[in-house]
Each structure stands twice: as structure tokens, then as C-alpha cells.
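Using our numbering, read the sequence shown as starting at 972 and increasing by one per residue.
There could be a bad hint or two in this list.
[Stated by the list, open to error] For lysine-lysine, the following DSS-like pairs were computed, each having C-alpha atoms within a straight-line distance of at most 30 Å: (1) Lys1045 with Lys1023; (2) Lys1023 with Lys977; (3) Lys977 with Lys1045.
Since the hints were derived computationally from the structure, they do not count as laboratory data.
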Amino acid sequence: GVFRTKDITQADLDEETLESVYSGYMQYLPLRDRVGRLVHVYFTHPNAISLKAKLKRMFYMNMVTNEDLETQRKGRVAIGYQVGDGCLEKHPRNDWQMGRLLNALP
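Start from the sequences, fold in the hints, and give me the full structure.
And the structure:
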């Protein structure tokens, strides 16, 4: 069958998710690594940002960058700095939810 989808735009995101997008806790570096992969850097988020907003933000940002042909060919690499009150080891419930989302991403 044919699947019809709508590209998600910032207009589709709620206020909390937009604040999460612009917070700077998840960024793509302007330069690629030595083999040409997109470099994705993320930092521990304050607990004030809901997990739902974090997951929506991650899905949106990955969807947008997946449109780039070079990223489709060479992929991406992620660097995480998970230290502090919002880290996964202090919130193990977030760990399995994040894993479910990562498995669902194209």
C-alpha cells in the first residue's frame, strides 16, 4: 500500500516542545566528523522539561535532518553528556522509553 504522511513542521509542535527545541540541550554541530557524518550533541535536560516534549523534539529534529542527502548516505553520530539531575541513571524509566523511541525512528 501507499502511505501518505505529512512532514512535521514547527507549527505542529506545542509550546513546551518548541522551548525544548530552542533550549540548546540538543544540537547538531555545524561541521561533520572525519567521515562526513552529522554530529549530534545532547546534554542532560532539566527535569522541568517533560519526557514527552524531549521525545517529540528528538523525533522532530531527527526527521528534519534525515531529509539531508549526505546524512542519509553517511549517517550521524551522537555524543551525549548525561550528568546531573536529569540524567537517565537517576530516572531509569526514561531509559526504556527513550529506547522505544529510538527503535521507532527510521
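Results of checking the hints against the structure:
1. Lys1045 with Lys1023: holds, 29 Å
2. Lys1023 with Lys977: Satisfied, since the Cα-Cα distance of roughly 20 Å is no more than 30 Å.
3. Lys977 with Lys1045: Distance ~25 Å between Lys977 and Lys1045 Cα, so the pair holds.
Going down the numbered hints, you'll see the structure goes against none, and every one checks out.
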